[in-house]
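Student: Given chain L's structure and the hints, the job is docking chain Z onto it.
Chains as they are written, first to last, in the working numbering: chain L, 15 to 300; chain Z, 75 to 372.
FYI, nobody ran anything at the bench for these hints, they're computed from the structure.
Source: prediction; values computed, not measured.
Don't take every hint at face value.
[To be verified] With the C-beta cut set under 8 Å, the calculated list includes, among others, these residues of chain Z facing chain L: (1) I220; (2) I355; (3) F366; (4) I372.
[Said to hold, decoys possible] Far from chain L, some chain Z residues (derived; all Cβ distances over 10 Å): (5) E136; (6) T151; (7) M214; (8) V289; (9) F318.
[As the list claims (entries may be wrong)] Listed next, the in silico DSSO-like pairs over lysine-lysine satisfying Cα-Cα at most 27 Å (straight line): (10) L/K97 with L/K136; (11) L/K136 with L/K177; (12) Z/K141 with L/K130; (13) L/K180 with L/K136; (14) Z/K139 with L/K130; (15) Z/K102 with Z/K139; (16) L/K180 with L/K130; (17) L/K158 with L/K177; (18) Z/K137 with L/K130; (19) L/K98 with L/K132; (20) Z/K141 with L/K132; (21) L/K132 with L/K158.
Quick reminder that beta carbons are idealized off the backbone N, C-alpha and C, glycines included.
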Amino acid sequence: MLETLQTLDRRWIFLAMFLAVAVPLIMGTTFPEEPSDQVMAVFDAVENLPDGSNVVMALDYDPASEGELQPMASAFTRHCALKKHNIYFMTLWPQGGPMIQRSTELLENDYPETYKGKYGTKYVNLGFRAGNEGVIKLVVEDLKKSYDTDVQGTNLNDIPLTKNLKNIQQVDLLCNVSAGYPGSKEWVLYGSAPFDIPTVIGCTGVQAPIMLPYIPQQLTGMLAAIKGAAEYEQAIINAYPELNDNLAAKEGLKRMGPQLVAHVLLICLIALGNVIYFWERKQGTS
Amino acid sequence: MKQSTLIWTMLMVFGGLSLIFIQFNRGKGEVYVREVPVEAKASSKTSPEQTYRWSTYQQVPEKEKGKPGVSFSLSRTLGLWVAAFCTLAIFSFLYGDNPLYKFTEAVFVGVSAAYAMVVAFWTEIVTNLFAKLFPGFARMSFLPDISEDVQSDLLYLIPLVLSVLLLWRLAPKGSWIARWPLAFFIGATAGIRLISYLEADFIGQIQNTIMPFIVFDSKGSFLWIESLRNTIVILGVTSCMVYFFFSIEHEGVVKYISRLGVWFLMVTFGASFAYTVMGRIALLSGRLDFLFNNWLGI
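Only chain L is shown next, with the shape it has when bound in the complex (with noise of 0.2 Å):
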């Protein structure tokens, strides 16, 4: 049996990987989530919010961390949108664009009566500039130096929600949901930090690391990985239950089974990698 396992094709493993994620993921298995601290700190920054407040979303990523991140960027734009705050979408990487359009599809579809036809008075979607950590020292300072017009070549000018807007230090919160370079660490660094912005996050689990030392003096809270989406979607049902018969509202939720059961499945497998090797040491002594 071990000599078997010693010589196994990896091909295996890969598929016993393919199940473990694939299985609880066709049959919607869930498990319950408690909202951590540093999930709930995140939470309160947006809840504690006067409604129709102002709000900044920086959705730095792109399809490629979609999978890790979407589930995220919908639970902030949702729970910004069950607060009915104003909203003003921007990105600092060139294929964020659609990803912002998934989040102002959700306001539309899903809180009509706040959100549709309201573009220019309840969002607005600035877009892509390029210049990374650049365009966001532009925009805490003189956001207009940066942004002449919105994504649709509409000056700011125009926008009532803009109009006023002198720069991002005037926004009650700055949400930034990032997968690497230019995001968290650059608004924390050019924006959060130096201006005392209130700053939530929500990053991937490779930055997550990175970007803990800045809780929580620089940062007021951070969502780590599909399990910070999975916990802050589990905080936003228990303030609104009505979400709970939503599907859409459980994306990272939903993602939770797979992780657990792959999870399991690679501690399994850790320890039985040790076992050969402690087996195959032994058997080298003898």
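Tutor: Just chain Z now, kept in the frame of chain L:
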């Protein structure tokens, strides 16, 4: 044929046949859209107000097919099938390196680069440079929303000249000219980054680490969880810094402190790896969700 190759080939053929069977029996993999009429008004000093009408198409769930205004979208359906094919082609690398994977990988890289280039061109070169230097021409050609009061901003000649100088690098002679704008960019970037890193990372992180070992609440009660957390943070930071301090021999007390630092580092790397694994599984479940839900409709 080797036994493993036979098994895998059978598995893939079986999987392919199952997909075809599901498609023919359930009729999934179709995209439906709803027509949304759009109306916009435009006016200028020289012409009267004009109304423009056009339609956009919004994707709707398949259950809404047959409802008024909802129609089958051939282009989006083709897009869905191409996306599914590309996903499977990328997954085929797990079986082994193959031409299908290489082709799809090349397509992804090319499409991403081209998309980024086109977006950057229209948002930067056209909107940010061309429209600033020649607002009248830009209004007539690409951007009708530019106000007629906007004047040329000649300051934008500086980035234009710097960009042209940068392209000089491609010329067979005089490539040294590109060093001037390059020096400016490097200097400006370093300057911008230095200040922010000093403020947010260096000073900010030192401030965050200055914390009491023993924490009491406002009533004077000892808070042991907060005290333990602070102690771990201070010990961790100090021991990791000692590990990276190579100017003294790691002997005696220093050896034990640096070894503690190694343990903290190992825990950090472990957490980082675990987060990475979680991220990769999330990406896999995202793609499988697309295949099962959007494509196959399971």
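Student: Does each hint hold? Answer for all of them.
Tutor: Structure-based check of each hint:
1. I220: Where the cut-off is 8 Å and the nearest Cβ of chain L is about 7 Å from Z/I220, the hint holds.
2. I355: 5 Å, holds
3. F366: 6 Å, holds
4. I372: Hint holds; Z/I372 Cβ to chain L Cβ min 6 Å, cut 8 Å.
5. E136: 14 Å, holds
6. T151: 18 Å, holds
7. M214: 14 Å, holds
8. V289: 15 Å, holds
9. F318: Its Cβ never comes within 10 Å of chain L, the nearest being 16 Å, so this holds.
10. L/K97 with L/K136: 12 Å, holds
11. L/K136 with L/K177: 13 Å, holds
12. Z/K141 with L/K130: Holds, because 20 Å separates the two Cα atoms, which is no more than 27 Å.
13. L/K180 with L/K136: 17 Å, holds
14. Z/K139 with L/K130: Distance ~22 Å between Z/K139 and L/K130 Cα, so the pair holds.
15. Z/K102 with Z/K139: With Cα atoms ~12 Å apart, Z/K102 and Z/K139 stay inside 27 Å; holds.
16. L/K180 with L/K130: 26 Å, holds
17. L/K158 with L/K177: Since the Cα atoms of L/K158 and L/K177 sit roughly 10 Å apart, the hinted pair holds (cutoff 27 Å).
18. Z/K137 with L/K130: 22 Å, holds
19. L/K98 with L/K132: 12 Å, holds
20. Z/K141 with L/K132: 25 Å, holds
21. L/K132 with L/K158: Answer holds: L/K132 to L/K158 is near 22 Å, not above 27 Å.
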